[in-house]
Amino acid sequence: MITESRPPTLASRALSWLGPTPLSRRKALWGLALIAPNTLGLFFFFGIPVLMAFSTSLQEWNAIKPPRFIGLDNFERMISDDRFAQALTNTLKLIGLTVPLEVLLALGVAVLLNLPLRGRNVLRTAYFLPVVTSTVAASVVWTSILQPRYGIVSRMLEPVGLGETKWLVEPGLVLIPIAAVAIWQRLGFDMIIFLAGLQSIPAELYEAAVIDGAGRWGRFRHVTLPMLSPTTFLVVVLAIINSFQIFDQVYVMTLRTVPGGVGGSATTLTYYLYRRAFTHSEFGYASAIALVLFALILFVTVFQLTIQRYWVYYEAEEG
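Sequential numbering from 261 applies to the sequence shown in the working numbering.
Since the hints were derived computationally from the structure, they do not count as laboratory data. Quick reminder that beta carbons are idealized off the backbone N, C-alpha and C, glycines included. Each hint should be verified, as a subset may be incorrect.
25 angstroms max Cα-Cα, derived SDA-like pairs, lysine to any residue [unchecked claim]: (1) 426 / 407; (2) 353 / 534; (3) 426 / 542; (4) 353 / 557; (5) 353 / 476; (6) 353 / 298; (7) 353 / 440; (8) 325 / 315; (9) 353 / 567; (10) 353 / 395; (11) 353 / 484; (12) 426 / 397; (13) 426 / 401; (14) 353 / 523; (15) 426 / 567; (16) 353 / 337; (17) 353 / 519; (18) 325 / 551; (19) 353 / 512; (20) 325 / 570; (21) 353 / 407.
Have a look at the derived ranges for each label pair, beta carbon to beta carbon [as the list claims (entries may be wrong)]: (22) 303 / 557: 14 to 24 angstroms; (23) 482 / 337: 50 to 60 angstroms; (24) 475 / 401: 40 to 50 angstroms; (25) 557 / 523: 24 to 34 angstroms; (26) 539 / 368: 39 to 49 angstroms; (27) 298 / 392: 33 to 43 angstroms; (28) 415 / 310: 14 to 24 angstroms; (29) 337 / 286: 50 to 60 angstroms; (30) 569 / 325: 47 to 57 angstroms; (31) 308 / 329: 11 to 21 angstroms; (32) 301 / 327: 44 to 54 angstroms.
Make the full structure from the sequences, and use the hints.
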């Protein structure tokens, strides 16, 4: 007796996609159920706002009058907007100041605190404390420290004639303290990541290097750095993303003098976005700036993912 075969239904196709056996399908369903809360949260709190920002960027809207569709005019406006160009330049300068110093200092501190030193756990905690400190509170404290006449930094630099330097007023200097506070706050986080990477390096590699006659610098150069390259890659990516989004330090540290720095010398993309939206009520233009910032971060991240194969070493798994 010949039975007529029926085409597979949508449900059967979905089940076959989950796995060939009932057990594998059950495991796949459990996995989907476990990641569903985070996936839905990412969609509602990230995906939908991005779509709304894209829609708003094509409109002229001040939150009072009804939005008016203007197409790509907001993006065309950015091309001739000198303030936007200055904010982009300042952001790139901050990245150039913070990322190299942040990565190098975090690596140095991690290597030092990975040694069998007395009280190293206390030191690790001390370095990590700024990470859990409020950025606003830290910026207020550092503003007082950098006060031209009575700040601690001014008193320390007074013997060399820099005692009354106006760090937060001078256009050529204002980015330096902002970068310093950003580095101070993120150093402990990067240090923890580097410590995890250092402690995952097999001791056998160092023993083999010693047998081959490698000194301390040789072991660091030929063992530590290559084996730590995936961790370094992660730290660099996170540091660049965070530097693109610096806002609190700029807002708080320049609020007592000139918001955004004299002549916009401390205005970053995030701060300029904030000013356009909540000071000038140009929500369409601010949304366009936000999308450009998102595109820049995405481009830089994808570029780093592309070139990582030239300098990141991943240890091959044993078969």
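The hints, checked one at a time:
1. For a cut-off of 25 angstroms, the pair hint linking residue 426 to residue 407 stands: about 7 angstroms separates their Cα positions.
2. This hinted pair checks out: residue 353 and residue 534 have alpha carbons roughly 19 angstroms apart, not beyond 25 angstroms.
3. Between residue 426 and residue 542, the direct Cα distance comes to roughly 33 angstroms. Violation of the 25 angstroms bound is thereby established for this hinted pair.
4. With a C-alpha separation of about 15 angstroms, the suggested pairing of residue 353 with residue 557 holds against the 25 angstroms cut-off.
5. Of the pairs offered as hints, the one joining residue 353 and residue 476 is violated, with about 35 angstroms between alpha carbons and a cut-off of 25 angstroms exceeded.
6. Distance check on the hinted pair: residue 353 and residue 298 sit about 35 angstroms apart at the alpha-carbon level, beyond 25 angstroms; violated.
7. Only pairs whose Cα atoms come within 25 angstroms are accepted, and residue 353 paired with residue 440 is accepted, the gap being roughly 13 angstroms.
8. Annotation: proposed proximity of residue 325 to residue 315 holds, straight-line Cα distance about 16 angstroms (limit 25 angstroms).
9. Between the alpha carbons of residue 353 and residue 567 the distance comes to roughly 22 angstroms, so the proposed pair stays at or under 25 angstroms and holds.
10. The straight-line distance between the Cα atoms of residue 353 and residue 395 is roughly 20 angstroms, inside the 25 angstroms bound, and the hint therefore holds.
11. Note on residue 353 and residue 484: the hinted pairing is violated, with a Cα-Cα distance of about 30 angstroms set against a maximum of 25 angstroms.
12. Between the alpha carbons of residue 426 and residue 397 the distance comes to roughly 21 angstroms, so the proposed pair stays at or under 25 angstroms and holds.
13. A hinted pair counts as satisfied when its Cα atoms are at most 25 angstroms apart, and residue 426 with residue 401 qualifies at roughly 16 angstroms.
14. Our distance criterion of 25 angstroms between C-alpha atoms is met by residue 353 and residue 523, whose separation comes to about 16 angstroms.
15. Annotation: proposed proximity of residue 426 to residue 567 is violated, straight-line Cα distance about 41 angstroms (limit 25 angstroms).
16. Among the hinted pairs, residue 353 with residue 337 is consistent with the structure: their alpha-carbon atoms are about 23 angstroms apart, no more than 25 angstroms.
17. About 18 angstroms separates the Cα atoms of residue 353 and residue 519, which keeps this hinted pair within 25 angstroms; it holds.
18. Straight-line distance between C-alpha atoms of residue 325 and residue 551 comes to about 23 angstroms, which keeps the hinted pair within the 25 angstroms bound.
19. Between residue 353 and residue 512 the CA atoms are separated by roughly 19 angstroms; this keeps the pair inside 25 angstroms, and the hint holds.
20. The suggested pairing of residue 325 with residue 570 is violated, with an alpha-carbon distance near 53 angstroms, which exceeds 25 angstroms.
21. A threshold of 25 angstroms between alpha carbons decides the hint, and for residue 353 with residue 407 the separation of about 23 angstroms falls inside it, so the pair holds.
22. Here the CB-CB span from residue 303 to residue 557 is close to 19 angstroms, well matched to the stated 14 to 24 angstroms.
23. The given range of 50 to 60 angstroms is respected by residue 482 and residue 337, whose C-beta atoms sit roughly 53 angstroms from each other.
24. Between residue 475 and residue 401, the C-beta spacing of about 42 angstroms keeps the proposed range 40 to 50 angstroms intact.
25. Taken as a hint, the range 24 to 34 angstroms holds for the pair residue 557 and residue 523, whose Cβ atoms sit roughly 26 angstroms apart.
26. At about 41 angstroms, the beta-carbon gap between residue 539 and residue 368 stays in the expected band of 39 to 49 angstroms.
27. The supplied range of 33 to 43 angstroms is broken by residue 298 and residue 392, whose beta-carbon atoms lie about 23 angstroms from each other.
28. The hint said 14 to 24 angstroms for the Cβ distance between residue 415 and residue 310, and at roughly 48 angstroms that hint is violated.
29. For the pair residue 337 and residue 286, the beta carbons lie near 55 angstroms from each other, so the given range of 50 to 60 angstroms is met.
30. One distance hint, 47 to 57 angstroms for the beta-carbon pair residue 569 and residue 325, holds here, with the actual separation near 51 angstroms.
31. The hinted range of 11 to 21 angstroms is satisfied by residue 308 and residue 329, whose Cβ atoms lie roughly 20 angstroms apart.
32. Taking 44 to 54 angstroms as the suggested C-beta distance range, the pair residue 301 and residue 327 does not conform, at roughly 27 angstroms.
Consistency note: the structure conflicts with the earlier hints numbered 3, 5, 6, 11, 15, 20, 27, 28 and 32.
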